[in-house]
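There are 2 protein chains.
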Amino acid sequence: MTRPEISSERLWARLMALGEDGALPGGGVNRQALSAEEILAWRRVIAWGRAAGLVASTDPAGNLFLTLEGTLSYLTPVVAGSHIDSQPTGGLFDGAFGTLAALEAVTAIVESGLRPERSIIVVGWMNEEGSRFAPGMMGSELFAGLRPLEEVMAVRDADGISVGEALKSVHDAFPDIAHRPLGFDIHSYIEPHIEQADVLETEGAVIGVVSGIQGKKTYDITVKGREAHAGTEPMERRQDAVQAFARMATRMHAAMAGDDVVKFTIGRVTVEPNAPSVVSAKVTFRIDLRHPANAALDAFGTQLEEIAAGEAEPCSVEIRRLVDAPSNGFEEGLKAQIRASADRHGFPRLDLLSAAGHDARQMAPLTRSAMIFIPCRGGVSHHPDEWAEPAHVAAGAAVLLDLLLEEAGVSCNQGDA
Amino acid sequence: MTRPEISSERLWARLMALGEDGALPGGGVNRQALSAEEILAWRRVIAWGRAAGLVASTDPAGNLFLTLEGTLSYLTPVVAGSHIDSQPTGGLFDGAFGTLAALEAVTAIVESGLRPERSIIVVGWMNEEGSRFAPGMMGSELFAGLRPLEEVMAVRDADGISVGEALKSVHDAFPDIAHRPLGFDIHSYIEPHIEQADVLETEGAVIGVVSGIQGKKTYDITVKGREAHAGTEPMERRQDAVQAFARMATRMHAAMAGDDVVKFTIGRVTVEPNAPSVVSAKVTFRIDLRHPANAALDAFGTQLEEIAAGEAEPCSVEIRRLVDAPSNGFEEGLKAQIRASADRHGFPRLDLLSAAGHDARQMAPLTRSAMIFIPCRGGVSHHPDEWAEPAHVAAGAAVLLDLLLEEAGVSCNQGDA
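So the protein sequences, as listed, match chains L and S.
Heads up: the first sequence at position 87 corresponds to 87 in the working numbering, and the numbers run straight through without jumps.
Heads up: the second sequence at position 5 corresponds to 5 in the working numbering, and the numbers run straight through without jumps.
Just so you know, these hints were derived from the structure itself, not from any lab.
Some hints here could point you the wrong way.
Repeated chains share a single entry, so a pair holds when one copy, or any two copies, can fit it.
Here are the simulated lysine to aspartate or glutamate pairs, EDC-like style, with alpha carbons at most 20 Å apart [stated by the list, open to error]: (1) Lys282 / Glu272; (2) Lys282 / Asp385; (3) Lys224 / Asp385; (4) Lys168 / Glu203; (5) Lys335 / Asp351; (6) Lys335 / Asp159.
Fair warning: this is a prediction, and the values are worked out from it, not measured in the lab.
Modelling step: build the complete structure from the supplied sequences, incorporating the hints.
Structure below.
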């Protein structure tokens with residue numbers, strides 16, 4: 001038998017096809033978690049998996065699994081994939097590349113006629129993006145037992161729909177797939193992903209050996225002012241929530257100066273009553289803070305909380321901590337395998353840190369974990385212009401296939417024996 | 001015949017009844033322009049007017065008129081009233097007091113058996129508040145020929161409904177009222193209103209003789225940045241529209257320091273895509289600037305435009321001027337009449353400037369115009385807590401009645417002759 005090889009044409013065609021589920025008029029996708037568009041995407045991915053003989057299942061967290069059964073059922077499985085939900089104006093590669101590359105690698109193994117000793121499970125984690133339901137990484141956090149199921153199911157989107165309600169409509173759409181309990185033991189976890197920055201592109205590398213994921217903190221800050229008439233209320237008597245927000249945002253941004261690697265973003269701002277001639281009663285905003293060094297992350301977090309408290313007057317402020325995820329590193333053995341595979345194929349490679357958060361962050365404390373990055377054009381992501389070259393997509397899947405063969409115990413010399 | 005007298009009980013009862021149209025659960029009203037709630041309010045006001053023998057009509061701008069025919073049809077009419085639309089979380093008095101006080105005064109004249117020489121027209125101007133359709137003062141601006149009808153009719157609300165479409169549904173709801181052409185000659189215009197500040201209350205006055213309305217400028221500012229991933233895009237490469245907005249807002253606010261009477265408000269802010277982990281591509285915000293002195297108003301306006309341009313980088317900015325209304329003064333003869341009436345009734349009075357804009361601003365260049373203010377508790381307006389004392393409501397209507405008798409030529413000695 002021949003060594004399995006991925007079909008780069010099929011993988012690319014499937015990436016493009018998946019981009020039709022939630023396609024935006026000007027390009028890119030809006031395929032938010034547990035939406036009607038994501039149901040369409042599940043339908044496609046499940047059909048592709050079944051065509052290769054994989055068995056579809058889900059769990060109480062709404063994660064999607066496609067399993068290739070191994071020959072030794074007592075061994076723990078190898079898991080590979082990412083997520084298929086997107087930002088509201090997202091691209092075709094963030095998440096989708098990881099899940100479809102894993103599906104392609106497993107399909108290649110099946111087509112070669114070989115069987116792994118360990119089962120291989122292709123995963124699509126529920127709500128990685130956290131745009132519709134905040135915060136993200138819900139599926140992998142629930143899998144890892146980091147948050148109570150009831151709490152996550154109660155989170156509501158802007159229309160008042162809860163995760164539990166939305167998940168029920170997804171599960172109802174697939175009455176014929178198995179439901180498995182939440183969480184199981186894993187031999188190793190490998191997640192391919194686009195880099196979402198331009199380090200690989202700048203350095204001319206094709207494969208990124210991810211050393212770890214930078215730490216992240218998020219906060220919801222609520223500034224409470226007092227509604228008043230814009231034409232009559234004297235300036236010195238106002239409790240203007242928009243102005244308190246603006247002061248906080250400006251000072252917070254200034255506090256980040258001088259650190260080359262910190263990432264500080266206020267991406268969501270909600271003003272009430274948001275009427276042109278009314279002094280604002282309330283502003284709610286989300287802070288997204290990231291840093292590779294845990295000490296610096298903690299110090300910046302403390303500083304942001306101090307600024308929010310210090311600049312609130314004459315308004316009041318409430319600070320709610322959402323995500324508090326320290327920086328983590330990936331497993332040395334898997335990183336060595338990625339390097340060896342890249343070298344074998346002749347793909348230029350680079351060790352680098354992930355600036356973006358990924359589901360692999362939640363897997364790392366549970367099992368041997370790794371991430372394989374491929375370049376994305378100009379570092380653009382979370383945007384319809386997000387783009388990865390077909391050759392790089394194929395390279396990432398080829399390296400993943402090498403790792404799956406090794407991790408799941410596929411002997412490519414079976415036929416020669 | 002006896003001199004006409006208003007019924008303070010009836011006026012108060014009607015103010016409370018009108019508050020049921022668009023009533024909010026916790027008090028106050030949401031009766032925005034041309035809404036289903038405003039249709040209910042029209043229905044009530046027209047019924048009350050007809051019960052007093054007034055004739056209802058409307059015009060292409062959607063203004064509501066209730067006419068008491070005078071005996072000398074060749075004389076131009078006296079117009080009195082205000083508006084019956086509200087802010088989304090408005091009170092029971094802003095606007096409604098003026099229109100219902102005028103209706104009460106005219107009803108008192110009818111009930112006394114006297115007839116004015118000039119017609120008296122009670123008015124409810126279309127969309128004074130400008131919250132659903134921006135900017136406000138639409139009905140009076142159209143009446144005064146300050147804006148093209150087509151342009152105003154094309155303005156859309158947040159749901160995409162145009163003024164023209166909403167107005168059609170109002171007009172369709174009242175097939176039996178007359179349609180008159182836009183604009184007509186007026187002998188004099190008098191608008192009673194709550195003060196929306198606390199000068200009268202603080203000074204212990206009941207009647208405000210309004211010297212003029214402070215000038216106002218509004219702007220729509222659009223800051224364009226570039227969408228990017230919150231976890232990966234280096235800080236120095238970002239074009240973060242939220243941060244550019246925050247800098248502008250903070251510097252603009254600081255630029256107002258040291259001026260006791262300027263009013264500067266950013267009440268509406270819209271962020272796109274408004275996703276927690278996406279650097280913002282766009283922020284649109286509205287500036288509301290007011291000042292009683294036109295030179296200062298212009299200087300502050302220029303300064304705001306300079307700050308918007310200067311703080312935009314690395315984003316780009318578009319500055320759109322919406323309202324540019326200079327400060328104006330009211331007619332001396334009418335002000336003298338208000339003072340004389342207040343003194344005759346024994347109502348403590350005060351000359352003061354209006355900090356809020358009113359439809360009377362548009363009438364002042366057209367005809368002899370005046371405003372009668374009454375106190376509102378704590379100066380609170382554009383809020384469900386807005387409140388005026390029944391005695392002050394009655395006082396304002398009584399002074400208006402005196403002016404209408406004089407202006408419309410009602411001889412109270414007719415019976416004695």
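- Message: Please sort Lys168 with Glu203 into within, between, both or neither, judging by C-alpha distance up to 20 Å.
- Response: Neither way: Lys168 and Glu203 sit 45 Å apart in one copy and 63 Å across, limit 20 Å.
- How would you classify Lys335 and Asp159 at a CA-CA limit of 20 Å: within, between, both, or neither? Result: close neither inside a copy nor across copies, 43 Å intra and 52 Å inter.
- Task: Check Lys282 against Asp385 for me: Cα-Cα at most 20 Å, and say if that holds within a copy, between copies, both or neither.
- Result: between (34 Å within a copy, 17 Å between copies)
- When no copy is specified for Lys335 and Asp351, does a C-alpha distance of 20 Å or less occur within a copy, between copies, both, or neither? Answer is within; shortest intra-copy Cα gap is 9 Å, inter-copy 81 Å.
- Please work out whether the CA atoms of Lys282 and Glu272 approach to 20 Å or closer within one copy, between two copies, in both situations, or in neither? For Lys282 and Glu272, the Cα distance is within 20 Å both inside one copy (5 Å) and across copies (19 Å).
- Message: Checking an output row: Lys224 and Asp385, CA cutoff 20 Å. Within, between, both or neither?
- Response: between (37 Å within a copy, 17 Å between copies)
Comparing the model with each earlier hint shows violations of hints 4 and 6; every other hint is respected.
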